[in-house]
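The primary structure of each chain is shown beneath.
Number of protein chains: 2
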Amino acid sequence: MKRAKIEFSEGFKDLCKALPQPGAFLLVDEGGKRNVMTIGWASMGIVWGEPVLEVLVRPSRHTFGLMETAKHFSLNVPLDKLQKKLAFCGSRSGRDTDKVEACGFHLLPGVTQGVSVIDGCDLYFECRTIHKTQVVKENLDPKLVRQYYPGDDFHTVYYGKVLEIYRG
Amino acid sequence: MKRAKIEFSEGFKDLCKALPQPGAFLLVDEGGKRNVMTIGWASMGIVWGEPVLEVLVRPSRHTFGLMETAKHFSLNVPLDKLQKKLAFCGSRSGRDTDKVEACGFHLLPGVTQGVSVIDGCDLYFECRTIHKTQVVKENLDPKLVRQYYPGDDFHTVYYGKVLEIYRG
Chain A
68 MKRAKIEFSE GFKDLCKALP QPGAFLLVDE GGKRNVMTIG WASMGIVWGE PVLEVLVRPS
128 RHTFGLMETA KHFSLNVPLD KLQKKLAFCG SRSGRDTDKV EACGFHLLPG VTQGVSVIDG
188 CDLYFECRTI HKTQVVKENL DPKLVRQYYP GDDFHTVYYG KVLEIYRG
Chain B
68 MKRAKIEFSE GFKDLCKALP QPGAFLLVDE GGKRNVMTIG WASMGIVWGE PVLEVLVRPS
128 RHTFGLMETA KHFSLNVPLD KLQKKLAFCG SRSGRDTDKV EACGFHLLPG VTQGVSVIDG
188 CDLYFECRTI HKTQVVKENL DPKLVRQYYP GDDFHTVYYG KVLEIYRG
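Which chain is which? The protein sequence lines are A and B, in order.
Under our numbering, the first residue of the first sequence carries the number 68, and numbering increases by one thereafter.
Under our numbering, the first residue of the second sequence carries the number 68, and numbering increases by one thereafter.
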């Protein structure tokens, strides 16, 4: 795979094309455990003087356990393709299915030691988790609480320092 | 002031030019209270299906009290200008100084009812606060804790739904 490094700020426009639909692949592959899930929400910015990518994962998700222990994650963004696999990885749990295998994904080593990425996407982020916090029920617009959290399954927000960002 | 609406994703590149230095003006002007402070950190993204701007404010700041009660805020981004005023608003407290007056800022009504913006900037965000959460000491890279929080003054992260984004 070719990897064309791009400016941090340049990635946002492409990322916005994928969010909230059809989404992007969040991949954790560390310590012999791996899982991929589809996310439709994310943020990018400068926090603590660092370029960050913020992703949200519900505690009920299989990926949550992996994110809690892994040092790194990658976000793999296909543009105008892989929609069926995005839908599949957003509706199946890694508890029941090896989604990497089921989707026929070819994982490649990232630029960063210990990070994997999914071959065939258009935009990649390799991140090291530097912070996590919570979506707080009492502090969220009640309309959004009703809409997104009927099961009180409030997201954890993971802040990844963006170590690498490139086009595939 | 002319206001040229832009795509949400387009604003990110300009915002990144201002962050972390020289920064941008965070303005709260509601219920007869107002204050402006300079911020160097922010994020943009899609969360809860909404376009959001996330800003961080320490509890020790005068702006914090205003953010806690206000429904809206604006981010006013000058590009390649107003550096001295950015430095001034980042080093003085609104407790001691009316920074709007000291800087000679001309406040204009925003597009959104109840929001004010600072005349003469290049990029504007008008936001309604829809969530807030905390930077959590135990979950933050210890190096960043040491670097940014010697006084345990951990930021609150405010998520603003971006109601309007335009160039001035």
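No lab work stands behind these hints, which were simulated from the structure alone.
Here the structure is a predicted model, which is why all the values come from computation and not from measurement.
Careful, some of the hints might be misleading.
Note that identical chains are pooled: a pair holds if it fits in a single copy or bridges any two copies.
Stated by the list, open to error - Lysine-lysine pairs mimicking DSBU-like chemistry, simulated, CA-CA at most 30 angstroms apart: (1) K138 with K210; (2) K69 with K210; (3) K204 with K151; (4) K210 with K148; (5) K100 with K210; (6) K210 with K72; (7) K138 with K199; (8) K148 with K204; (9) K100 with K151; (10) K72 with K204; (11) K204 with K69; (12) K151 with K138; (13) K100 with K199; (14) K69 with K228.
Unmet hints by their number, sorted upward, for this structure: Violated hints: 2, 3, 4, 8, 10, 11; rest satisfied.
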